[in-house]
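Enquirer: In case you want the letters, here they are:
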Amino acid sequence: MDAAIEISGLHAAYDKADVLIDVSLTVAPGTITCLLGSNGAGKTTLIRAILGLTPPRAGSVKVFGAEVTGEATHRVIARGVACIPEGRRMFPKLTVAENLRLGAYQEPSEAEIKRRLAEVYDTFPRLAERRNQLAGTMSGGEQAMVSIGRGLMGKPRLLIVDEPSLGLSPLYVKENFRIIEGIRARGITVFLVEQNVHQTLAIADAGYVLSGGRVVAGGTAAELKSNAEFHAAYFG
Amino acid sequence: MDLFGQYVVNGLMLGTVYALVAVGFTLFFGVLDVIKFSHGDVLMVGAFTGFTAASGAAALGFSHPLAQLAATVVFALAGTAALGAAIARWLILPLKSAPRLNILLATLMLGTALRESVRLFYPDGSNPKAFPALLPTSSWQWGQFTLRADSSILVVTGVLVIVGLHLLINRTRLGLAIRAVAQDEETARTMGINYTLIVLVTFALGSSIAAVAGVMNGLYYNEINFGMGLLLGLIGFSAAIIGGLGNLYGAILGGFLFAALQMIGAVAMPFASAYKDVFAFAVVIALMAWKPTGLIPERASDRV
Amino acid sequence: SAKDTVKIAFIGPLSGGTASIGVGGRNSAELAVRLRNADPKAKYAYELFSQDDECKPNVGVQVATKAAADRKVVGGITHYCSAVAMSTVDVYHKFNLPVIVWGAVLPDITYANDYKEIHRVNGTMVNQNEVAADFMTRAGYKTWVILHDTTDYGKGHNAYFSKFVTEKGGKVLATFGVTADQQDFTAELTKAKELKPDVIYFGGLTPLGIRIRQQMDKLGINAQFEGVSGIVSDAFIEGLDPKLAEGVLAFREGAPVEKLPGGQYFLSEYEKAKFDQGPDAYGAFSFAATNLLIDAIEAVGPDRKKVTAYLDDIKNRDSIVGPITFDDHGQNTVALITKYVIQDGKWVLWEDSEYAAGKRKLAGAK
Amino acid sequence: MSGEMLLSLEGVAKSFGGVRALNDVSFGVARGEILGLIGPNGSGKTTSFNVLTGLYAPNGGRIAFDGADITGASPQAVYRAGIARTFQRSRLCLELSIFDNIMVGNHGRLNRGLWHNLFARRALKAEHDAAFAEARELVALFSPSLADGMFQAVGALPMIERRRIEICRALIARPKLLLLDEPSAGMTHDETHQLMSDILAVRERLGNLTIILVEHEMGVIERVSDRCVVLNYGEKIAEGTYQEVASDPLVQEAYLGSA
Amino acid sequence: MLNRFPPLAVAAAAVLAGMVFAIVFMEQESDVAVISLIAAAALAAWLAGRAGVAEAVSRAALASPGALSALVAAAGLGVVAAFAEDHFPLLMLATVMLYATVALGLNVQFGYAGVVNFAGAAFFGIGAYTSAKLVGSGVPAILSLPLGGLFAALVGLALVVPVVRTRGHYAAVVTIAFAVLFKTFLEVNDAFGGPQGLPVAAMNVLGWDFGDAPTLFGADASFYLNYALAAFALLALAFTLVRRLERSWLGLALDAVRLDETGAACYGIGIRRNKIFAFVLGNAIIGVAGALYGCMQGYVAPTSFTFSDGLILVAIVLLGGMGSPWGMILAAAIVVVLPEKLQAIQEYRFLLFSAVVIAILLFRPSGLLPRRVRRYFPEGGR
Ligand SMILES: Nc1ncnc2c1ncn2[C@@H]1O[C@H](COP(=O)(O)OP(=O)(O)OP(=O)(O)O)[C@@H](O)[C@H]1O
Ligand SMILES: Nc1ncnc2c1ncn2[C@@H]1O[C@H](COP(=O)(O)OP(=O)(O)OP(=O)(O)O)[C@@H](O)[C@H]1O
Ligand SMILES: [Mg+2]
Ligand SMILES: [Mg+2]
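Protein chains in written order, with our numbering: chain A, 1 to 236; chain B, 1 to 304; chain C, 1 to 366; chain D, 1 to 259; chain E, 1 to 382.
It is worth saying that the hints were derived from the structure and are not from the lab. Just so it is clear, the structure is predicted and the values come from calculations on it, not from any experiment. Incorrect hints may have been included.
[To be verified] So the derived label-pair ranges between C-beta atoms look like this:
| # | chain 1 | residue 1 | chain 2 | residue 2 | range |
| --- | --- | --- | --- | --- | --- |
| 1 | E | Gly78 | C | Glu258 | 51 to 61 Å |
| 2 | E | Leu157 | B | Gln141 | 45 to 55 Å |
| 3 | E | Ala45 | B | Ala86 | 49 to 59 Å |
Glycine residues also receive a C-beta, built at the ideal position from the N, C-alpha and C atoms.
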């Protein structure tokens, strides 16, 4: 079976500054693979490169065995990818319900969309209460819920998640990790970026550590926990 | 007040034209958050395209007004849709990361370029053109009051177009995508929306609405000229704003209101009718002081 | 042997709503220059320095300054728009540049000052409206509603026409000033309709004239439409449904070009020159003025003061627009006014028309 | 509880359409105290900040600060009274330099006279140099490298640095009360730790600075707060030391998720 | 590559080159010459950028802004002197300087405070009409300039409520409506000469008649020299004022209001007060420039002050680079001189002009001389 994500020799940069240098990694299907690293290490940039939002300068990205380097974002999404982006990124002038619907933009069946909506409302009752509120007026944490719910609406084969628990209350942080485990249980691959190292490693199968734009460590979650370089990179 | 009805009918007709121009503006900046100042001139191009099509159809021997009307509408819509998409592709998309006002200025200059191009390159383009009367010209007369069939058709069509557009924007997947793209390009892409396509489609759509207004203007006044878009654009813009950008129906409200103001300024005020625009625009300013976000305001979506 | 080059300025509206008249005028001036340059007897080689005043006073002042400040320019053929001509006379005077106005009709351009430099080949709106009022009242019309644009041009027409028509027993029921870029006149016309005038008089230029005539029809107003020299242009007819253009009356200063021997020559030469546009209504004036200026330069040499003096003395000089005599304000006093009616899509001299012959009837004619 | 209280809210209410964001909320903050304001998402924490700082007028209740009633006062008046804040979503002016952004916070203490600013360039220079030294010193406390580039545009900096600058902007004018809305969001454990230490150090130097801290990281709350107020659905459900509220079953159920 | 030379020397050389170019350019009449000079200038600017001239200039500007400004001012006067006897180039130069002054006023309004003003031409017109009415009726010209500014500011006050209450697109419509209203009002109102406009008497300052040609070193200079010098003085004044405003706490407050009203309010910055200040100050500057413009043209008419003219002014601000005073001057020069120099291709010049502006916008989205991060003083605070 093809890897869910396979990246090799990836370079990326904004304007002049190099952000990713020769990054190679693999995400095995059906796993939760996490990407760790301190602020500014380049995690978000890596995700942007996978999605085609920041086209890489060199290297290749494959999703489920298909070369997607240089492909338009909506085509990458069409391969069964969904993303919960960093910083929530609401459509502030759309209602909560409309935001959620956009998560299933490529799904043609209205009945299916309705079914998924119901599921999301089930997970986040707060969103059901507020389905007609403009997303821009929701509280920080409520917006995080919208963002996660929106990612779930896509019913992807691969879910890419960038710091979903930012701004969530402790209860919902736990809930969030439970959701991610539940997703894996359904056979969906998760590529997870998180700052919450301990909780992340507790649920992840494998992980990579990014530092200064390079992969400095990688392996199974257990290996990472005991890896010296990992400690050096992460805890200084 | 035998003529009151006549004024109302005139006002409705004028208001419909304004509303149709306004709705284009609302679409562009209510939905796409862009002021497209070339809108009035695209309208003019639409009118000229329609005029050319009608003349062409006549020259090819299609003498029936309906055939000519069909040619007019089809070519005007298609032509301006293509123009709109081209504007989006080569002007708006390259400028999307530049400061907002730049788009405004660029489209403004584009408007000048369109206007000048028609003047210079359209055969005898600097002179007014007689737009053929393609709608039934029968009329009903009650005393001083004349109701023309063509005017009634135009008013009804105009309102239907706006209502249809409103439904498209608010009830369909395409409409949702258009609104999403306006607010956050990258996230829209991340949702799997083909950003470029949606922008092109929106501009094609907005521009063909301008063509509808242009053709309608031609059919109503039976005269078009290369400068017709200038003031019409300004009035449409004002109408869109006083109506409020949150809602396409604001454009209808704004359009009719502006027409009413002009009518009142022309006939019901103690000063000379030449002051009617002064009057109408002064009221617009006062309205903005009173309702700074228009008569049908947007729901506030920003918070701290 | 190489001749000295002498520059002549042409200024007129080359862009905007009256551009067709301006370009026609420019082409005609150009034609006069070309014809003269082709003449081996000419003492100088002439060059036309043509400028666009956009029919805007401020732009007019700018280009007038540019022309007048250029020492190689000896004289100018200047302005169709009265508002522009009014604003530039001071400039020409300041720089002693002799100019001949080729189209603007406001009396004040020549009469509100004592500037020797300013001349005009065409008549003023005074004569035109006097003739118009006389003609219309004789035709049996009694009541008028006047629409005029609010430029000095439109206001002037309104003032003179109202004066003359009232003197001749006509009655002005209402007067509406409209702005020069107005599109919709239904409010004014609805009010006019209520008053049931015999005639709608319009004092203004072609674009507005077309719109007003169209909208009269929309509102079912059957009054006779009477215009002024500002609508005597091919564009007016082209901009209207033939049905609506038919029977429109207008008046213009100067003899009909077609009727004068020189006129035929001008039209055929213009044809030969293959300009992309016709001379329009004022091309002949521009042509005549250019020739006059060149004659002056040929006679006294390229010297502004001498040319001015020469022009001031012109008396009864033949031209394609009839004889020219400048009075002490530089105004051509030979006030020939031509009456026009549109018949079958053409401006036709009233006297030659089927209307005059009684075969067709004007709207509401008794 | 009035005399020694720096700030007190009494029965404050705020609703948006049908949403009751705050419902009869009363609590106080004593001088020199660090109050943790916690509660589930959407419980009204940010809204209380917004009401406090005059961005929203409350629908009911009274707010007193330092002996004066500031209910419904304008944001400017609240700032003049001595309350400064940071925002849950960073609100720096990205085109402006670090120094400019901090001077925005310092605005109340700068001489804004027309003559002084436009014509008395010497006096302005003296004032500028003093303000610069002060700002630089403050920034250096958080990040020495930033202090070396006070004239770089904020937009070029990573998020974490922006958060620091935003806190400096709030601190520069030496407010009596500082409102921090999730200052450490998006930081790693270590970075959060570091930031809190820096804030505490500054507080030490400014002496007696009172802080209300909104934070979802319980470790932080536990470490720095003297007292906590817990909101849920716009209502206060608990108040006390961290240990007290953390063991409250109501709080555990609504917020912490019972262990 | 140019690092060996002191920045100020490089900057001085660049300014000198610019001055020579301006003189040569203004003298050209043929299209070919004009277009090749433009191409040459673009190429030279590009090469200079590559060679580090721009960098050297900005370093010089940082280290010794006074010296650089003096240099540019001297160069400007040099260009004026070169055409002392030629009416038309002087008229153009003075127009450029007045338009630049107006752009500086607009710059205060929307470059700094974010208050869009599409009625710049209207306020310019108020200044011009003020001098038309006043100079004619015997008010000393020296008073008519400040009065022009005062009236513009006062009329602007009528708009202050809607301008301050509205934002974004909604704010735009207020000034657009005013721009249209103003022109129509002038046109239909006989007291102001109607569409025809009014003649303006030449300025006379303390016995110095601006309508008379001054004598320079024995030769008769053009009378426009008077106006060019006055315009220069006005521009220098406005420039200094705007520069100082920008580099002060007041300028900072305006920026904060533009960039984030809520944030600014929470730090005690009065939103209304700052917007009103910027709007009124900007209109006053524009009005003073208008008053001088009226006298110089000798004629004021509504068509000089239309909505489209207002847009040209906005174009200057955007092309120059919002908030960048030097940019205003450069852009004013381009916007005023280019269509004029293209007169020979008459009918096509507006088409060409709009194409040029679009090209600049596409290739230099933040303007020709984008604003740089603020320094309050040379090498501030080091
Ligand atoms: N649009 C941009 N332009 C220029 N530089 C950028 C841009 N976005 C990010 N950077 C820089 O690239 C580097 C990597 O950023 P990135 O957002 O990928 O980091 P990250 O690992 O996701 O950090 P965080 O944990 O803060 O989300 C940082 O130094 C950042 O400053
Ligand atoms: N402008 C507004 N319009 C409508 N509802 C609003 C508005 N502002 C806040 N709300 C609602 O009020 C409630 C309280 O919001 P608030 O931002 O205060 O929550 P919070 O406690 O700060 O939450 P978080 O921890 O997620 O930031 C939320 O349910 C929110 O949706
Ligand atoms: Mg990130
Ligand atoms: Mg919050």
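Enquirer: Determine for every hint whether it applies to the structure shown.
Expert: Checked hints:
1. Judged by the Cβ atoms, the range 51 to 61 Å given for Gly78(E) and Glu258(C) holds: they are separated by roughly 58 Å.
2. With their beta carbons about 51 Å apart, Leu157(E) and Gln141(B) fall inside the hinted range of 45 to 55 Å.
3. Separated by about 30 Å at the C-beta atoms, Ala45(E) and Ala86(B) break the suggested range of 49 to 59 Å.
Checked against the numbered hints given earlier, the structure breaks only hint 3 and satisfies all the rest.
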